[in-house]
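J.: Note that the protein sequences, when read in sequence, are chains A and B.
Here the first sequence stands for residues 16 to 249, where the numbers follow the numbering used here.
Here the second sequence stands for residues 16 to 249, where the numbers follow the numbering used here.
Rather than coming from a laboratory, the hints here were simulated on the basis of the structure.
Being a predicted model, the structure only gives us computed values, none of them experimental.
The reader is advised that the hints may include incorrect statements.
Same chains, same names: a pair is fine if it fits in one copy or spans any two.
[Stated by the list, open to error] Taking lysine to any residue and the SDA-like style, the derived pairs with C-alpha atoms no more than 25 angstroms apart in a straight line are:
| id | residue 1 | residue 2 |
| --- | --- | --- |
| 1 | Lys216 | Ala172 |
| 2 | Lys198 | Glu44 |
| 3 | Lys112 | Gly123 |
| 4 | Lys17 | Ile179 |
There are 2 protein chains.
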Amino acid sequence: MKTLVLVSHPEYDNSMTEAFLKQCQSDIENVDWVVLDNIQTDFNFDKEQEQQRLSQYDRILFQFPMYWYSAPALMKKYEDDVFTKNFIAFEQEGALKGKEMGIITTLGDPIKDYQVGGREGFSISELLKPYQAIAQRGQMEFLKPFVISQFAYMTDAQKQKLLIDYRSYLTNDNFDSFTSLQKWYIEQLSDLKDSLNDDKKEKMGILIDYLQSNYDQLDELKWEIDLIKKEDDE
Amino acid sequence: MKTLVLVSHPEYDNSMTEAFLKQCQSDIENVDWVVLDNIQTDFNFDKEQEQQRLSQYDRILFQFPMYWYSAPALMKKYEDDVFTKNFIAFEQEGALKGKEMGIITTLGDPIKDYQVGGREGFSISELLKPYQAIAQRGQMEFLKPFVISQFAYMTDAQKQKLLIDYRSYLTNDNFDSFTSLQKWYIEQLSDLKDSLNDDKKEKMGILIDYLQSNYDQLDELKWEIDLIKKEDDE
Chain A
16 MKTLVLVSHP EYDNSMTEAF LKQCQSDIEN VDWVVLDNIQ TDFNFDKEQE
66 QQRLSQYDRI LFQFPMYWYS APALMKKYED DVFTKNFIAF EQEGALKGKE
116 MGIITTLGDP IKDYQVGGRE GFSISELLKP YQAIAQRGQM EFLKPFVISQ
166 FAYMTDAQKQ KLLIDYRSYL TNDNFDSFTS LQKWYIEQLS DLKDSLNDDK
216 KEKMGILIDY LQSNYDQLDE LKWEIDLIKK EDDE
Chain B
16 MKTLVLVSHP EYDNSMTEAF LKQCQSDIEN VDWVVLDNIQ TDFNFDKEQE
66 QQRLSQYDRI LFQFPMYWYS APALMKKYED DVFTKNFIAF EQEGALKGKE
116 MGIITTLGDP IKDYQVGGRE GFSISELLKP YQAIAQRGQM EFLKPFVISQ
166 FAYMTDAQKQ KLLIDYRSYL TNDNFDSFTS LQKWYIEQLS DLKDSLNDDK
216 KEKMGILIDY LQSNYDQLDE LKWEIDLIKK EDDE
């Protein structure tokens, strides 16, 4: 699976959050990180080039800080320039049909403000409807948004968790399912193991075996349940 | 009441709809018509100048064609540049507090597509949440949006009605109430009367008198109902 992260941030070079997220994914081969400021000329995008770029990926992620309840203007300009009707929705066969679209958004205010009765009054799900509508129009799968709120106040442990969740959002086929997440952890740890010294490698090996047998048991259990259900149906 | 119409349309000079709407309001003294393309420099706006402009109006209307389920990028840039947090929401006393905000949006597709199960899948009310959220944050009153769908296919009679409804949306204190609308029609006809020749003027006078007495009767009726309600409460 190939993933594209399209980043738009009016203060990109000064953003601690963007610097952290960039670092989080820099070693992943199948993820490309593109900053919109670097590919625009006078606030314009090369339509053909960008349409070709988008076509190459399976998962397309828009990453931006929430600016007045939607993406910054430059990201909207990208949509206006690149998403022609023919490209997105030509006779039910748009060029992005079947691909995944996801939103990664950063908030300066706490997430609890984003609900009815909260200071912002509207939920992230409500505010992202225009993006959901584009995905719907292009017959793309709209992923659950990835929301990062108040990065500046996060503890180291919270940042560690963010790193893992973020990597999973970028690379995990099915980042929201428990068994898929467990499988993904095992792969990540196996990769990590190779970079360790022998003593630690052995310990890590034991840990991986434990998780693997745990995963296999869960898988067997699931298989048996499915079998019982099937017998019931017959 | 002073009204500002902020217009953003990437094809402004070629838009028949914008040309028609501009014509509709050109004679109204208390309405100002500002095209964003004409006040930007390299896609940037003068923050202080625009904040000062907005402060002068009671009703602020954003007018744009729906581009990927929200405003064109230039209008978003206006928001990003001009709507600083201090300006909109400074200690519960933002500069636009108590003013009205409205959206005038034009659709190329029929309005019936904009609903659950329709081709676009989402309603205009859902898609405009980000604007409603800005109004809420700035303690502005958010007006019912004014939606114009498929102007190109409108008959002359439909365009006549659009002209009247549009002028009402721009200038009528309470454009959505029946008695207020009737009062507004009487004013409009009185203005028109002065420009007619004597013969027509007399006919128009009779019509205005009729509407006026009709309005007075409604007003009296409302007054009596209020009185009865009040007596019931005591």
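J.: Evaluate each hint against the coordinates.
T.: Here's how the hints hold up against the structure:
1. Lys216 with Ala172: within (23 angstroms within a copy, 80 angstroms between copies)
2. Lys198 with Glu44: Intra 19 angstroms, inter 68 angstroms, cutoff 25 angstroms: intra-copy only.
3. Lys112 with Gly123: Result: close only across copies, 23 angstroms inter versus 33 angstroms intra.
4. Lys17 with Ile179: Cα proximity of lysine 17 and isoleucine 179: one copy only (18 angstroms, versus 54 angstroms across).
Of the hints listed earlier, there is not a single one the structure fails to meet.
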